[in-house]
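**Student:** All chains, please: the whole structure from these sequences, using the hints.
Protein chains in written order, with the numbering used here: chain A, 1 to 289; chain B, 1001 to 1315.
Derived from the structure by calculation, the hints contain no laboratory data.
The C-beta atom is built at its ideal place from N, Cα and C for all residues, glycine as well.
You can trust all of the hints, since none of them are fake.
The list that follows gives simulated cross-link-like pairs (lysine to any residue, SDA-like), each with its CA atoms no further than 25 angstroms apart:
1. K1036(B) x P146(A)
2. K1036(B) x F144(A)
3. K1036(B) x E1063(B)
4. K1036(B) x R145(A)
5. K1036(B) x G228(A)
6. K1220(B) x D1309(B)
7. K1036(B) x T147(A)
Interface residues of chain A toward chain B, partial, derived using beta-carbon atoms under 10 angstroms:
8. L140
9. V143
10. A215
11. L242
12. L249
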Amino acid sequence: MTDAVRADRAARTRVPRAFMGHRLGLAGLAVIVALALFCFLGPAIYHTDQIHTNIQLTNLPPGQGRPLGTDSNGYDILGRLMIGGRGSLEIGLAVAVLATAIGVVWGAVAGFTGGLADAVMMRVVDIVLAIPAIFLLIYLSTVFRPTILLLIVVISLLSWLAPARLVRGEALSLRTREFIDAVRVMGGRRSRIIVRHLVPNTFGTIVVSATFQVADAIILLATLSFLGFGLPPPAATWGGMLSQGTTYLLDGYWWEVYPAGLIIMLTVVAFNFAGDALRDSLDARLRPP
Amino acid sequence: MIGYIIRRIAQAAGVVVGVTAVTFGLEHLIPGSLAKAILGPRASRPEIAAFNRANGLGRPVIEQYLTFLGRLARGDLGYSYRLNQSVDSLVVHQLPNDLVLVGSALVLALAIAIPVGMAQATHRNRATDHLATAAAFTLYSMPSYWLAILLIAGLSTGLHIFPPEAPQASTVGGLLADPRALVLPVLTLTLINIALFSRYMRSAAIGTLAEDYVRVARAKGLPDRLVLSRHVLRNSLISVTTLVGLSIPAVLTAGLIVEYVFNVPGVGLTYYTAAVNSDYPVELGITVLAGIVTVLGNLLADVAYAVLDPRVRYD
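**Tutor:** Given below as structure tokens:
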């Protein structure tokens, strides 16, 4: 084995190894895996009816057969957390993918092209960034009836700005590098340079930003459902559960408030820890060993 | 620098025009007829015709947009047919309440976050720093309504120290007449802002502490207290100014949620009520206002940065 091959292999395993050494990041990853199992496998093991309300079962405290009690519609809270989490995770992940894809293309084209196109494209980013996302999101969900697909599209259209700025910044410095000149000299077209050479070199930034996007999208979604503009009933949402439970704060029905709030926070913290750890371990790749 | 400021103002004006264009587009996104959406499904034919004529809906889109822009320039944010009141008079009436709420929370947060961030930077990686970082991170990851609910559960329904609802008065005087009821909303917003700003302040101060001029100040025998107050603090505040300007969308969002949870009579709650009633003109008027406030905040932060830091050259 030559030194070059060994160095290459060492470089490739350095990121996973650095990530494994990051305790908070590992904890975050473990929580994400546990949440995914809870939301997608959980309902197969723990059957509950989350569609039909049952007046005889309303506001029951935790007890035999209902570990977290029931809410004011008679829905089992543990089962509802699972179903509500599905929507949160699905929308969060889909938004991260879609928003990052839009942002990467926009930022790479703007940064690589430069000049007037760059200035115009970045002003567009400034404009959308200037309007607080929650105001736009609430407006759009009062105009259209929210569905999972609509929420994914709309939240993505409000979330691609951060990755666009990050990737543009990297594209600005990458486009003056020699390997880009080399492709150009060999007759590579602009689209080829951007797709094959520029974007792959921003991979680290893209992955880290996408991880944080999941957390941001889940917070935005939970805020929207908390305010009552999320998926309409009988869809289960964590924000909606929290908002409904808050009504009963004075009655002491703690099981309707704390589980939903804690699970939102846990999910957001988990994705943020994982993102932090990813950033640190990708930094480790850039450092000499 | 004058040239830079002029260029920066021109750029901000461009972004404001863009924001108005987005809002105008959003208004026309409403499916079906705008007249029916705003006047309600039971509007009669002559009423719809009158509405269309009054708003120039038959004219070319560009002309409609220019009219819209002209109205905005005169401070006309639209008209709520549901409340039978212009949006600007609605907002002007409630803006002082928001200034009291958001303003006092901002001032309190800065007064606490700046010393905390400084202390964290000078005691970097020690127990106090880790403790403060953990606290800031916990607060930062909390959705603002969750923090508000925890505070209500603890201090209001639990210990009965503060009421769970803001004072129900429509004027600033009425709001201030019951300061106990203002504590929880202001506390929620303050804690959220502290989490944001103490992180900025910590990293800014850590950066400044590593500068050569700090070492020079120490080497010439300046007491530690003066090094920190004259050199580190002042230089770190420059970058914090920019970040505070950039955090305006987050502050507005938190304001909306806190007003909803505590029922504070302010612009945020008005937006919420309008959204519940599908009162589109109010929603869009407040959205455009939020956008303009954000752009102005960023502009002020950039100008302040240029004025405060003569080392930065803009050519």
